[in-house]
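Colleague: These are the residues of each chain, in order.
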Amino acid sequence: MTSKKTFQLRFGLRAKLLLLSSFLFVIPWFGYQYVWEMEKYLRFGQEQTLVGTARALATALHEREKLFNNQASFLPSVEQGKDLYGYQLTEAIQLDGLHNDWPNFSQRAHFYDHQQQLFASKSLNLNLNFKASVGKYDKYLYLFFQVVDKQVTFRGNNSRSITNNDHLALSFSDQNNKLNRFIISNKQAGWISAFSITDNIEDIPKPATHIQGHWLLTPQGYNIELRVPLTTLGDKIAFAFYDVNQPGAKIDSAIGSAEPSKLVSLGTILVPSPEIERIVKGMRYTNSSIWVVDQHHRVLASAGSLKSASGVWHNKAKSPSEDEKNSFWYQFKQQVLLPLYYQILTKPPTDFIDKIYDAKHLNGEHIVSALMGKAKSQWRLTTDKQALVLSAAYPIFINNKVQGAVIVEETTNGIRTLRNRALEKLFTVILAIMVLGALTFIIFATRISSRIRHLSNQAEQAIDKQGRIIGKMSASTSHDEIGDLSRSFTTAVNRLSEYNHYLENMSARLSHELRTPIAVVKTSLENLALQEKKSLSTHENGEENAYIERAQTGINTLNLILTNMSEATRLEQMLATTEKIEFDLTTVISGCMAGYQQVYPDYTFNLSCERKKLPLNGSPEHIVQLLDKVINNAVEFSQDKIITVALTQHSEHAELRVTNNGILLPEQLSESLFDSMVSLRSANTTNTVNTANKSKKTPPHLGLGLYIARLICQFHHGEISADNHHSPEGVTIKITLPTKVW
Amino acid sequence: MTKRIAIVEDEAAIRENYADVLRSQGYQVQTYASRETATQAFNLRLPNLVILDIGLNEEYDGGFVLCQQLRAKSASLPIIFLTARDNDFDTVSGLRIGADDYLTKDISLPHLTARISALFRRQEAFKQPVSDEHITQTGSLTVDSQRMTITWHNKPIDLTITEFWLVHALAKHPGHVKNRTQLMTDSKIYVDDSTITSHIKRIRKKFIKTDENFDCIETVYGMGYRWLSELENTSNNDQ
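Line by line, the protein sequences give chains A and B. Numbering-wise (numbering that gives the first Met the number 0), the first sequence opens with residue 0 and increments by one. Numbering-wise (numbering that gives the first Met the number 0), the second sequence opens with residue 0 and increments by one.
Simulated from the structure, these hints should not be mistaken for laboratory data. Heads up, a few of these hints could be off.
Listed next, the in silico SDA-like pairs over lysine to any residue satisfying Cα-Cα at most 20 Å (straight line) [what the hints assert, rightly or not]:
no.	chain 1	residue 1	chain 2	residue 2
1	A	K332	A	L425
2	B	K208	B	W151
3	A	K532	B	V20
4	B	K187	A	E46
5	A	K533	B	A113
6	A	K532	B	G25
7	A	K39	A	G413
8	A	K400	A	L438
9	A	K628	B	G25
10	A	K579	B	V219
11	B	K204	A	P619
12	A	K640	A	L606
13	A	K628	A	D674
14	A	K532	B	V219
15	B	K204	B	E217
Interface residues of chain B toward chain A, partial, derived using beta-carbon atoms under 7 Å [said to hold, decoys possible]:
no.	residue
16	K104
17	I134
18	T196
For every residue, glycine included, the Cβ atom is placed at its ideal position computed from N, Cα and C.
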């Protein structure tokens, strides 16, 4: 019964407790939220710090006109190709006419074609174009030109003119804003020959040795790589290529950045300012990437790299010592916990790509805003969306005008690392708490549910299907509610048991109490009868005698009833002292059957025995008494006057079936049939029995017969049950008695 | 000389009814309602027969106590328990402490008087020499119907009047099955079947006490009991 229950889907105490304990999951969620909130505040702090850094740097650059003076910063606008930007080169350039030592040449070079045409003799026949790149390294400005020219014409060996061939005109202002004009005109590929010229055509060009370079012939044309010392260089520059297709002929066409012959027409050149850079360098220890731009977004100076700019929060996690690395906990954390955590968390990438900024030209809303005079910070993702970058811009004022901006950038990697470490710790603690908590809960729930189940099993075992108390419960000694429950159960069962016992003994008690008054009546009647007898001998009058006789009959019947009522109790007392002996059940039963045949001559008794001998350990007298009761019952309910008794032996018990055909047992009574004071007999059946037996009087039935049968069965550790059988309808009483020696 | 009978019984009506019957039989009857009054009277003079109730007023075992005291005073004084308690335990206890018979109150007055006179007869018979006419011999069993004594292998078996009548009824016709009703009639009691069973058990035990091999009272299941003479017994064993 109980096993069936457990197989059913039950929402037991344990499941309920587990469900309730799932609210514990709110705690890690709160922790997680808290850490996120922390991160938000940290980010806000970082933003403030970053703006502060930008402001500090901008403060250092405010009103330092000189720094910006020689730059093109004051121009209202810049023109691509004409206003040049000298990239900061990181490595020395070898003057060999090859661009492979120029980083990102193809991207950084500017392409010049007929749109930048300065002059053409035959307008349609243009076959000259070039790419130019400008860079700064150490104290030199480097220029590289990749010229496409179908016909390279060198200066003739004996040619006095330096302009009647393919040549490069280079002009720049010096520090004093005076125009210096140069022409590079080679007789052959190799080291360049630079000449300084003046506006006056009559002047003889003087070789300019401070301009050094290399002329290299290529299949498309030629490359010129040259350098100019920065000391001679102002902030204006222009260059132009003149194409001559036949030696000694006139110039066919010219393409250049600007007209090189006049100072006003020159374009500007911007090289990263070493002064600003020095100032900026002082700030690079802030773990930020710093840029200074002019109002045309052109980078004046930069320091630091975004990859190492993870913010002030990034203090390096101290690497664990060897001892720690070998510890079990560390190994466990590294191999089990951390991979688990990083299913949820993301490690801040150390390797990310950010191409949002060109090296010379910075764009962004915050820069625009800063150049409008308003400090601004913004969050953005790197171009590969791996890292989050915080960027702050702060304007630089000179004479109340915005002349540039400081841009400071940091990744949030520091904060993220910090957050991750906080979350790792949080997760570990929560995991520990949850494992411990869950274990505690499970143990507690299991203990409680097992105790309750134990209690319920005990309660079930204490009371049988018929509601009889068959066992005692042992009270729990624990001081909690379940203990109380157990104790009150035990008390209830004990009281119920006492009450049941009281009920079972009630008939005996009643008969005992009634016996004395009946004895009074009986003795009185007998005395009366004796007196009557004496007087009867003198007088011839027998009328009164009849009444005494009736009263005596009545009192005898009453006495018989009382004896029957106490029979069960007497039997119980007798059984308690009865010793069991070995006897043959078959002999006893066959003997009994012969006896019944004599007592009930109208009935047919069919006995079938499997074996000749069936040894049983018990009390034969009581077995006879049991049989008396059952047969008596069967006889009274039999309609066809045939009683069938079958004795069969099984491996461990003997089975006796007493069958009669007649009315069926009502379903609700079949269980309680063997209880004390339960009788099925209606007035109707009693009458039929009366007529059948033709007896004058049958003692009234108290429903003790089958109760006595049950008591005897219990004494023999056997069982008795009654079942209906059909076609023909009737009742079978089955008695099983264990043959095993107890 | 009229016999003096003492009745110790707390229920006045029953006491007087018994007393009336016994007086009408010619006995001299003294009645006592409590153990104390009875003890005082018995200290002065012992009666010829005592009828005791077990429960006396508040004393649950008053009758037993009184019986022990009486038995201590006289070994031969006939004592009869007449009580409402019909359980086996009290019966055994009552007989063990020396009562000559244990009767329940549903016994009829003629049965009671028959027992009393039987007890007196037995007492008288002991004073007279043994006369052979009252003695019947069945195998090793000797029944003296006048003295109401039984010997087995010439050893006396101490039986109560009821037990004597039961054995007498069985041994009168050896081999014949006596059913319980017949036995009840013969032993002048009217009890239920299980009481007969316990009487037979007690008789068997008494015989076995003197002879371990005693097996002459046979239970015929479903019918009753019969006395087996030793000859039949041994021949049965031989089979």
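Colleague: Going through the numbered hints above, which ones does this structure break? Give me the numbers in ascending order.
Modeller: Numbers 4, 8, 9, 14 and 17 - these are the hints that the structure violates, sorted from lowest upward.
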